[in-house]
Structures are given as C-alpha cells and as structure tokens.
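**Student:** Each chain is listed here by its residues.
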Amino acid sequence: MRATTISDLARPSLAKGVRLQIDSTTGKSVLLYPEGIVELNETAHEILSRCDGRTLGEIVCKLAEEYEADSNALTADVRDTLSDLQRRKLIEFK
Amino acid sequence: MTVPRPYALLAEITYRCPLHCPYCSNPVTVESAVPSGQQADPTALRTAHATANNGELTTEEWKQVIREAATLGVLQIGFSGGEPLARRDLAELIRAAREAKLYTNLITSGIGLDDDRVRALRDAGLDSIQLSFQSDESSLADEIAGSRAHERKLGVAAKIRAAGIPLSLNFVIHRRNIDRLPQIIDLTEALGAERVELANVQFYGWAFRNRAALLPTRKQVDRARDIATAAKARLAGKIDIFYVLPDYYETRPKPCLNGWGQRYLTINPTGNVLPCPTASSAIPALSFENVRTRDLDWIWRESESFNRFRGTEWMPEPCRSCPQREIDFGGCRCQAALLTGNAANTDPVCEFSPNRASVDAVLRDVNSSSDAPRHWTYRTNPTSLAALL
Numbered sequence: 208m209r210a211t212t213i214s215d216l217a218r219p220s221l222a223k224g225v226r227l228q229i230d231s232t233t234g235k236s237v238l239l240y241p242e243g244i245v246e247l248n249e250t251a252h253e254i255l256s257r258c259d260g261r262t263l264g265e266i267v268c269k270l271a272e273e274y275e276a277d278s279n280a281l282t283a284d285v286r287d288t289l290s291d292l293q294r295r296k297l298i299e300f301k
Numbered sequence: 006m007t008v009p010r011p012y013a014l015l016a017e018i019t020y021r022c023p024l025h026c027p028y029c030s031n032p033v034t035v036e037s038a039v040p041s042g043q044q045a046d047p048t049a050l051r052t053a054h055a056t057a058n059n060g061e062l063t064t065e066e067w068k069q070v071i072r073e074a075a076t077l078g079v080l081q082i083g084f085s086g087g088e089p090l091a092r093r094d095l096a097e098l099i100r101a102a103r104e105a106k107l108y109t110n111l112i113t114s115g116i117g118l119d120d121d122r123v124r125a126l127r128d129a130g131l132d133s134i135q136l137s138f139q140s141d142e143s144s145l146a147d148e149i150a151g152s153r154a155h156e157r158k159l160g161v162a163a164k165i166r167a168a169g170i171p172l173s174l175n176f177v178i179h180r181r182n183i184d185r186l187p188q189i190i191d192l193t194e195a196l197g198a199e200r201v202e203l204a205n206v207q208f209y210g211w212a213f214r215n216r217a218a219l220l221p222t223r224k225q226v227d228r229a230r231d232i233a234t235a236a237k238a239r240l241a242g243k244i245d246i247f248y249v250l251p252d253y254y255e256t257r258p259k260p261c262l263n264g265w266g267q268r269y270l271t272i273n274p275t276g277n278v279l280p281c282p283t284a285s286s287a288i289p290a291l292s293f294e295n296v297r298t299r300d301l302d303w304i305w306r307e308s309e310s311f312n313r314f315r316g317t318e319w320m321p322e323p324c325r326s327c328p329q330r331e332i333d334f335g336g337c338r339c340q341a342a343l344l345t346g347n348a349a350n351t352d353p354v355c356e357f358s359p360n361r362a363s364v365d366a367v368l369r370d371v372n373s374s375s376d377a378p379r380h381w382t383y384r385t386n387p388t389s390l391a392a393l394l
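Chains as they are written, first to last, in this note's numbering: chain D, 208 to 301; chain B, 6 to 394.
For the record, the hints were derived by calculation from the structure and aren't laboratory data.
All values reported here derive from a predicted model rather than from experimental measurement.
Among the clues, some could well be false.
Per label pair, the in silico range of CB-to-CB distance [unchecked claim]:
(1) D259/D <-> G169/B: 17 to 23 angstroms
(2) E156/B <-> E273/D: 52 to 58 angstroms
(3) E97/B <-> D259/D: 29 to 35 angstroms
(4) P187/B <-> D291/D: 27 to 33 angstroms
Result set (DSS-like, lysine-lysine): computed pairs, CA atoms no more than 25 angstroms apart in a straight line [said to hold, decoys possible]:
(5) K235/D <-> K106/B
(6) K296/D <-> K223/D
(7) K301/D <-> K243/B
(8) K164/B <-> K223/D
(9) K223/D <-> K237/B
(10) K106/B <-> K68/B
(11) K223/D <-> K301/D
(12) K243/B <-> K164/B
(13) K296/D <-> K106/B
(14) K164/B <-> K296/D
(15) K237/B <-> K259/B
(16) K296/D <-> K243/B
(17) K269/D <-> K301/D
Using N, Cα and C, we set each Cβ at its ideal position, and we do this for glycine too.
This is chain B alone, in the form it adopts within the complex (with noise of 0.2 angstroms):
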C-alpha cells in the first residue's frame, strides 16, 4: 500500500484545563500514555523535566517533533489541549511552527490570553485563533464550562480583533444550547468573526459518558438545520457558517478524518501519535508509539496503529463491497469502538450496519423521555500523567 504524506497536525500540548465542558473529547481516565522505556531513558535532564512537567513533553521536544512533522509533508498544526495557553512556551512553539513553514492555529477557550500574551503569539507569527464559547451568554454558557468564562471570552474575542489575528469562533451544539441557535449566530456578527464553527457534539470521551444529558431531540435537530441554513445564505461573503450535523440523526457516517492515517494525526502531551484525537480512549485494543523512543516519519508509515485501518483491505461487510467506502471510509473507527466494541465494524450511524439498531435505541430513548434537563457529569483535569514515571 502506498502511504500518502500527512497534510495537518493536531498538537494537543496539554490536558490542563480551566474549563470543565461535560462534552470534552478529552479521554476521562488518562492512564499514563509514557511508554516504559522513558523510564530508562539516559538523559536526566530530560525525565527530570518530564517529571516536572507532568508527563507533558518538552519544549525541546515539541520543537524536534514540529520539525519532524513538516519533513513529512505536514503544512498545517493546530496547537490544542487541555488550553494551550496553560504552557508558557506556547509562542516559542509557534515560532517554531513557523520556522518550519507551518500554517498555525491556535484552538482555545481563551482563558488567559491577556494583552501581552496576544502580541506575544501574534510576533511569533500566529496566523490564525479558534476560540471556544459554550453559548450566548453567561448564565448558560458558565453553567457548561463549570466556571466563570462567558464574560472573560467576549473580552478576549475584542483583543483578539484588536491584534488582527483572524477568528473563527466554535460553539459546540448540544441538547442546553442548541435552541439558541439563532443568538449564537448573533454572538458571532457582534464578535466580527470570520468564521463560526457550530458543532454538534460528537460522542467520544466525556461527551460519551454524558450522552443522555447533551444528545439533542429530533424536533430541536431540525429546527437548528432550518435555522443554520437560512443564517449561512444571509452571513454568505461576510462569515462562513460551518454546520455539524449531529450524527447519530444521519443515516450514512461521517467521512471520518478522510481516512484513517490519509491526511491528519495527532500527538498528545505525553507524545503518543495517535491517527485521531479519541482514539487512544475509544480503542483500547490498540497501542500507540511514543516520539521520545520513535521517530515521527517511522510512526506514520511503518507503525501498527497507523496501519490498522489504512485503505480499504480491513473492511468487514456492508463496507467491503459498499460503493461508498472510498467516500466515507466505513465511518469512525472509535465511533464503532464505543458502540458495538469492535473498532473493525462499520459505524452503526450506517444505515447498512448491522448494529444501527444500537444507534436508534439510543435516539428512542431521547426522544421519548421529558425535557427536562438530565445529570451531567464535569470534566476533571487530569491528577498526573505522571503516575508511571
């Protein structure tokens, strides 16, 4: 099989985090992703700051891995979390990128982004900021994030303009937020956005753990597509609206990542390459090399996890013979993972999957049940990444 070049990195260089959003992809339990060989690794200065760090890579590391990635072919990085602005050396990573002729995107909450800090990111060469809300105004949108951030977020998005960095805002919709759709839109134009994200959750991490308390009805899916669509033929040439559709309510998948290993990977704090952000919590059958005992290009070409589900020979059926499989690739591996057990299956969002009906159980009891607001359970930060060092 010939292996294609990686085009965008997602650096998730932290999982600190102030905010607590009970949807966050983020895994719920992190075993510690540092491979045992770390423990023998003959630098001291290097586990000493490891171990300072929380298990989190280096900024040295960071910088080899950066310039390790734009050899392989990648042009874009997103630097992620957690908030990426928890790590102090967040510029000195972006000049990096830079240097090494990436496009950089920095995806936050915003929190802790003060004057001095935007500057800073802006001279480092920061081309372009994804900010967070968790819906129009502070009530709801504090009473999500589990802290007072609604407020302190406009006050960024105003230094964020006044710095002229491009902005794209991302609201992630779920069952709280989605039926003030029309004033997230409105949030959007006031902030002078570029360009609005608005997501639907998808069910990974604690988003899975919190499904019965985010999934919306049927009746408020439908009403948000009207609403989405009507905004994005009035804001046409002025913001560019992208609308997620929430999955679970589709009857073909997603066209997950284009392929697993075709065109993105991550790398998480403790600098395990995964194929996809959620796999590591999703699909636990499978184990993911480190860039502190591998190299990247090594990683993406030669490695188990990358290879799993390259190309089309792993399909099982409907997918092996489905006209659609170069088109959605069977759907999301961990989404398979999480809800028929084996990452192997075609994702029960297909309707030619054998398991939808795991799928629409799941929808009949939302749809069928009050509408009063159900229990979520907050996102914690994770206690050490550390514990195996």
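If we strip away everything but chain D, and leave its shape as in the complex, we get (with noise of 0.2 angstroms):
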C-alpha cells in the first residue's frame, strides 16, 4: 500500500521546521528538526537534494538520466524511501 500511494505528480519537500545539511564532521548529509536528527544514505541524500519542487516523476527522471540506470527500478526505490520519510514527518507532498 504505501510504495503506490504516492503519484508521480506529487511535489516532495522538505516538512516545516526540517533542514537538510552536510554533516562536516562526517561529510554525510542529516536532516535537523526539533529535537532530532536523521543521517541519510546515499539514496536519500541524492533523492532530498533534488526535492526543489521538482515532480516524484522528475526526480526519478533526473536520477536515471544522471546514473545512466532503469528507471522503473528507480522509481521502486525513491517512493521507498519517500514514503519512509514521509511517515516520519520529515517530508511532505504538494
């Protein structure tokens, strides 16, 4: 249920009060919110960074034009892990 909820269409964004940065200590990239903090992998790192207002649709685009890879595999993996963010809070849908 939770991987084909979101449409291509929908717009991620970063949820209110929730900041994306590089760590310096690690040079990975956390989110910062209210009294906590979330280390992202690669995947997500590379999801978040393109979320501008950008489509589900776009990014994954995006993604398969600058890793050269499948993008309906693609797409299997960022609504993964959009969608964990999302119940998290961490991201919301526009």
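Combine the two chains into a complex, taking the hints into account.
**Tutor:** Set out below in structure tokens:
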C-alpha cells in the first residue's frame, strides 16, 4: 500500500522545520528537525537534494539520466525512500 | 576509550524566570559556579560585564562557545534557562548559532514574546520554538506557574503560528494536572502545534524537593497512559505526541542522555559545562569545568566530569554484567546520586538495583495516602550568581 500511494505528480519537499545539511564531522548529509537528527544514506541524499519543486516523476527521470539507471527500478526506490520519510513527518507532498 | 562527538548543546543562558513552577529542574540553590580563577581575569571589561550580568556569560562569551561547539561536532542548540527571553541578546545568539550552521530551538515559557520579538527571532534564523504550558486552563495553570501566565501563553502561541515558526508544546505532567490530559491534548490541537511533549515530571532540582506533591498515583498513571496511547493513534500524521513515562513506575531505568558524555552537553548561565543539566545540583561530588578557563574541546574530551561515567568501565554490578548495559547505560547518574547518595550506583528505578526499595517506599507513600493535594514550594529566582565575584 505505502509504495503505490504516492503519485508521479506529487511534489515532495522538506516538512516545516526540517533542514537538510552536510554534517561537517562526517561529510554525510543529515536532516535536522526539532529535537532530532537523522543521518541519510546516499540514496536518500540524492533524492532529497533534488526535491526543489520537481514532481516525483521528474526526480526519477533526472536520477535515471544522471546515473544511466533503469527508471522503473529507480521509481520503486524513490517511492520507498520518500514514503519512509513521509511517515516520519520529515517530508511532505504538495 | 574513543571519545564520541557531541550532537546537541543545551545552552542555559540564564536562570532568571518570571515563572515559579515547583517542578523546575534548575538547581534549588545556585552556588556560584564561577571558578575562583575568574577573579584573576586580566580583562577588566570582561569582569565588569560578568558582574553587570549577575555572573552570566556575556554575549561575546556565548558566541565564542557556540563556535567552539560547532567545531566539536554539535549540530543542534537549544536555548533554554530559566527563561531565555530574559536575555536581550537572544536574537544575536541565535544568529551566531545559525552562522555556525546549528539547528536552533528556543525552549521558552513565552513570557516576554511580543510581535516585534517573534519577528526578530525569526529573522535571526530561529528554526523552532518549544512553548511550555502548565495545564489547559488558567486557574490551575496559573496556580502551578505561580504567575498569571496562561492567557498570555495562548496569545504567544498565536503569534508564533502567525510568524510561521514551527511550534512544539511541552507540558510537564504531575499529580495536579495528569487528570486533565484529554483537555491538554485538545488544547494542543486547538493551538495548531506540530508536536507535543507530555512529559511526566522527573525528580531533580525543585521537583525533587516537591516530590510528595507532584508524584501521581498508580491509578492516575495507568489512566494517562491509555489516554496518551489513544490520542497518538487518533492524531497520527497530524501531531507528533511524545509521552514520557514517570520512571518511578517503571521497572527498567531510562537510557539517560544515551550515555554520559556521548551525545549531549549543557552549559549553564555562568559557563560551567555539564554532561547533564541536573548534574551540578544532583552530584555535588563532581566538579565541573568552565568555558572561561578551558576550551570546550578539552572539557568534552579530557575533563574528569565528562569521563567519570563515560562508557561501561565505571559500572558496578548488577550493571557491569547486565546485557542491557549498552541499552540503558545503568540509567540516570543524577537519580542514583539523589536516591542512594552515590552517582556510580545502578539507577534505583531498575528492578535489579539493590536500592529499588527506596523507590518502592516513595510509591507506597504516595499510593496509600489521601488524594488531597499537598503543599509545594515554589521555585524562586537565584538572588546572586555573582556572589563570589
């Protein structure tokens, strides 16, 4: 259910009060929010750094192009990652 | 031992506060935390400032400490107190924290937050505000705060929303307000907060002194747990509810700080650096370093106070051989000190602690006596931090 509820036209963005930043101690990317810190894996970082008003479909296309990857496989990964972050209220869809 | 990097700094920028909540975790008496070396400070200006500010760190001293914290690895700063709005330089400190790329959170009673100030804090880059409430309506809330604060707080919540700053609410839950949990949750919804902490009082500072009046009964606790669980399910996706259990009623201790000197540090108004905000009052045997005489990196890595309970080497039995030792870290050092007289003991909340009887005796007393509210002592502001200057 979770992976199919997000439409290709949804526009993911960071939720209110959430900041994406590089942790200068580790060089890794982190999400900062009230009273919490989440370290992102590479996939989540690549996706979130492209959440700038684009739709989910556009983000997948962009990633497929940059990494010469199969967009069907990518779509599932992107949906999984985004729905996980949405469940934790770190991103929202417009 | 490998010393980890800290993630979050709690900056207690002042102990001054217009509220007098009887559960405040601030020290009951503030022994001047200013080290004796301060008198020999060659910078006349700095000493003059310190005196003028009642011993509190100056703006420039805080800005320096904030930069040192960021270099050390800190990613988040909470401005707290006392009431942090009592410092007129708060926006300047928030700006300095944002320049150091820290996530900034203001932990406040809201008293003193007018439209201009909200805008100034937002423009300085404040990321989030945690606003405290004492209950859901004025008569009880004001009685708890020892001040006519509730109506003003409602106005402040609206101002924060209007300024677009993410809002969390915090309610300290205790014997006198725990039965109002449904109404408290309703208020959170009505005020449009994104998250709420319903935190049962933990017994340190003023709360330890007022424990008999604040500790809820088992019946109250059971009911509150059900209400919080139901509200969490009902409001999922809308409001994040964090319900903090009253640990005296638990059988395993809380994983305090995720381990001593592992992730968090606190700096108090006079610049003492503490592994935990309540350590200075709860553990008199421990002495703390001050940012006026040592740099933060050294204090975090090398100081006796941060290394005393770091890791698992210090642990006595039953913690030493316990499979939970890397999960709950033996519980809370301050609680061990307050209830057993020795901070190195297992937290007596733990069912395996040889001192669990001390907690059970308190519970027996609370659960066997009448429901009539008992007297508490209101928190008073420290009269002088500068006594030793």
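**Student:** Taking the hints in turn, state whether each one holds.
**Tutor:** Hint-by-hint comparison with the structure:
1. D259/D <-> G169/B: 17 to 23 angstroms: Since the Cβ atoms of D259/D and G169/B sit about 20 angstroms apart, the hinted range of 17 to 23 angstroms holds.
2. E156/B <-> E273/D: 52 to 58 angstroms: Holds, since E156/B and E273/D (Cβ atoms, about 55 angstroms apart) stay within the stated range.
3. E97/B <-> D259/D: 29 to 35 angstroms: The hint (29 to 35 angstroms, Cβ to Cβ) holds, given that E97/B and D259/D are roughly 31 angstroms apart.
4. P187/B <-> D291/D: 27 to 33 angstroms: Because 32 angstroms falls inside the window, the suggested range holds.
5. K235/D <-> K106/B: 14 angstroms, holds
6. K296/D <-> K223/D: 9 angstroms, holds
7. K301/D <-> K243/B: 16 angstroms, holds
8. K164/B <-> K223/D: Holds. K164/B to K223/D sits at ~17 angstroms (cutoff 25 angstroms).
9. K223/D <-> K237/B: 20 angstroms, holds
10. K106/B <-> K68/B: With a Cα-Cα distance of about 13 angstroms, the restraint between K106/B and K68/B holds, given a limit of 25 angstroms.
11. K223/D <-> K301/D: 12 angstroms, holds
12. K243/B <-> K164/B: 20 angstroms, holds
13. K296/D <-> K106/B: Given pair K296/D, K106/B holds - Cα atoms ~22 angstroms apart, limit 25 angstroms.
14. K164/B <-> K296/D: Judged against 25 angstroms, a Cα distance of about 23 angstroms means the pair holds.
15. K237/B <-> K259/B: Roughly 21 angstroms between the alpha carbons, so the hint for K237/B and K259/B holds.
16. K296/D <-> K243/B: 9 angstroms, holds
17. K269/D <-> K301/D: 19 angstroms, holds
Figure legend: structure checked against the earlier numbered hints; every hint is met.
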